[in-house]
Amino acid sequence: MMVLLLAWVYGPALFTAVLSFLEWNLTGAPGGFVGFDNYARLFREPEFGQAAGQTFLYAAALLPFSTVIPMFLAIMLWQRPGRASTVYRSLLFLPVMVAPVAVAVSWRFVLNPLQGLANEVIGAFGIAPMNWLGNPASALIVIVLVTSAKVTAFNMLLYSAALSTLDRRTLEAAKLERASAWETTRFVVIPQLHTTTVLLGLLSIVLAGQWVFTNVSVLTQGGPDGVTDNVYYRIYTLGFEFFETGMASAAAAVVLLFFAIASLGWLLVRRINARR
Amino acid sequence: MNLFRPSPRSTSVRLVTSIIAVGSLLAMAGCSAAAEADTAENTTITFSSYNYGTAGAAGEGTQALLDEFAELHPEITVVPEAVPVADVLTKTKTAVAADIAPDVVQLGYSKLAEALETLPLQSIEDIAGDEWDEHAEGINQALVETGEFDGTTHALPYTVSIPTVFYNADIFRAAGLDPETPPTSIDEVATAAAAITAAGKYGVYFGAVDSGKSDYLTQSVINSAGGSTVDADGKITLDSPEAIAGLQAVQDLTTEGLQPAVAIEDALAAFSAGEMGMLVMTTAVLGSVQASAEGLFELRTAAFPTFNDELARPTHSGASLVILSEDEAKQQASWELVKFMTSKEGYTMITEQIGYLPLRADLAEDPAYLADYFAENTLLLPPLEQLETLAPYLSFPGAKANQATVLFQDNAVSPIVLRDADVEATLTEVADRIRDLVGDK
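Protein sequence lines, in the order shown, are assigned to chains A and B. In terms of this note's numbering, the first sequence opens at residue 29 and continues consecutively. In terms of this note's numbering, the second sequence opens at residue 559 and continues consecutively.
The following block holds chain A by itself, in its conformation from the complex:
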């Protein structure tokens, strides 16, 4: 197991760290040692700082779609077992099964500002047409909403799995106490989903930037004005569009370092809380 971890995780991480101190355009042999120059250039360019800020926005915006909404949907379906529930669950899960690029391309047609369906729909309500992906005010929200369908669907399945492991005795006790459906949900069901919610929330914060990657790549390429960019797409752009391998590696190292420090902080807080 350790060997596999070394080969697939720690080895590449170490290699990336080494590359971050080199000048290399991918095609020739790696150039000379440049010290912290790649890091300095990375922090000097405004795009990386903006991409980091947008990554936090993505994490915050996707959090409800990865926790509250799928939990709500899963509980609704769990409370009404039967064929209809299975059909709804299958329909809600459908976005997970469709190829991500195909979904993104379909959205491109729907969101076409001159002839798209989205503007036809809002036009029926007397709302002026919008440039959904070309307007910096709406582009990030659109990317979040487009991505949310898949995230919500997948996490709903995980919540459904968690609901199947609820302690039946507590549910029976609630029934004996004549608790209403809302009281049972609020005081019995949701507390038992705490661990799942924390896990999915953390995964959402860590992976939000990666989840939106395909939609950003197909729909906006980080624009307009960088508002839909994030650190992962920036790393890809630096590494595979500009072939700034050193800078891309430096960016990856910074992201890794950030999450390592955040994880340590989290563990420390939990340990302190446990001692109290």
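Accuracy of the hints is not assured; some may be wrong.
Said to hold, decoys possible - SDA-like, lysine to any residue: derived pairs with alpha carbons at most 25 Å apart: (1) B:649 - A:144; (2) B:649 - B:613; (3) B:793 - A:132; (4) B:649 - A:97; (5) B:902 - B:688; (6) B:649 - A:230; (7) B:649 - A:50; (8) B:888 - A:55; (9) B:897 - B:698.
As the list claims (entries may be wrong) - Chain B residues, not near chain A, derived (Cβ > 12 Å throughout): (10) 675; (11) 698; (12) 707; (13) 965.
Hints were generated in silico from the structure; no laboratory data involved. All C-beta atoms in this analysis are idealised placements derived from N, C-alpha and C, irrespective of residue type, glycine included.
Once you have looked at the hints, place chain B on chain A.
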């Protein structure tokens, strides 16, 4: 039963197995010998193309070229590889890094400068040897010179197009405009767009914000306004007064409501659906626009407009052919492919079947080649005439040329044309960043 003593049955099985094994080895040896003989006679090369495999005229035309080449050269097998247009440089670089580089690549001109600096492109002139002078004669010299590096030609023009004004003659009539006299200057474009907008359609769209991050149309605007993105000494001049004036004129179309502030694909879709009066874009889309217009509206073309009292000076977009193979036999096979595709016959097929401009001057009037085609297909005539005053495509200097182009397009052209950014301040800021990036202090 003694498990350690072979039974008569197992002995016979061993015998049969041995015969099969020896037979297989002999057969393999035979195959190997045959394969060597095959290799000696046939050469297989790979061809990476962004037109290959696409739906419509570009994909079908590329396939027709390959089929024709296969008939002419049965000793050469070409294995085509489809690659998205925006990923050509990325895919080629990663393939080179992985030591699986394609032998011939259709490479966009906006990526050529960086490719020349960072990829092991071979000198086509050297590979062609004695055949070079005769073959290169007649090909548009401005385009041949664009492919020169270290004193020899490393890229030959393949699928080249220039920006032109597509216009909807039906919308012109409905707006009270005369389709026989299309606008020739940016001011006339604005006037016509105002009439079209008043008639309830989208006026015009200048495709400067290119989805492939090429700045060919931006350069065409700046050149025609009397400026350039890079001067003769390689200095960055995209913040010159002329460049500012050119992009200001395009921005004015947006701010005055004559040009929708949308992505180029959306504008193309609107024009193809008969909802837009004028579309200023590469002739590369002629085939698809023509197909959409059939039965829907009358499509016409006009020359790229002037921006001042001087002649319009559009530059070109499109792609060249480059050879990466280091193996001598593959280099010769690659040259045969490049030679065919850039021959009179190849260029004729490219024009007739895909819609790119013919890159040998005499083809358009030669009855043996494209004279009949141009007699019937007049849409390419305005850009064909402008081919004579074509400005060379200019790349930013150095190995980070592509990064500089993307920076220019994303951080300057897009906010200026689509989002009302201050033209002078934006160009000045981006020019300084590009100077810093390419080392032009």
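Hint check results:
1. With a CA separation close to 32 Å, the supplied pair residue 649 (chain B) and residue 144 (chain A) exceeds the 25 Å bound.
2. A distance of roughly 21 Å separates the Cα atoms of residue 649 (chain B) and residue 613 (chain B); the hinted pair therefore holds under the 25 Å criterion.
3. At roughly 40 Å between alpha-carbon atoms, residue 793 (chain B) and residue 132 (chain A) are farther apart than 25 Å, so this suggested pair is violated.
4. A C-alpha spacing of about 40 Å is found between residue 649 (chain B) and residue 97 (chain A), which places the hinted pair above 25 Å, so the restraint is violated.
5. Note on residue 902 (chain B) and residue 688 (chain B): the hinted pairing holds, with a Cα-Cα distance of about 19 Å set against a maximum of 25 Å.
6. Taking the CA atoms of residue 649 (chain B) and residue 230 (chain A), the gap is about 35 Å. The hint is violated against a cut of 25 Å.
7. For the given pair, residue 649 (chain B) sits about 22 Å from residue 50 (chain A) by alpha-carbon distance, which is consistent with the 25 Å threshold.
8. A hinted pair counts as satisfied when its Cα atoms are at most 25 Å apart, and residue 888 (chain B) with residue 55 (chain A) qualifies at roughly 21 Å.
9. With a C-alpha separation of about 15 Å, the suggested pair residue 897 (chain B) and residue 698 (chain B) falls inside the 25 Å cut-off, and the hint holds.
10. Taking the minimum C-beta to C-beta distance to chain A, about 9 Å, the non-interface status of residue 675 (chain B) is violated against the 12 Å cut.
11. The Cβ of residue 698 (chain B) sits about 30 Å from the closest Cβ of chain A, beyond the 12 Å cut-off, so the non-interface label holds.
12. Here residue 707 (chain B) stays apart from chain A, with its beta-carbon at least about 16 Å from theirs, past the 12 Å limit.
13. A cut-off of 12 Å between C-beta atoms contradicts the statement that residue 965 (chain B) is not in contact with chain A; the least separation is 9 Å.
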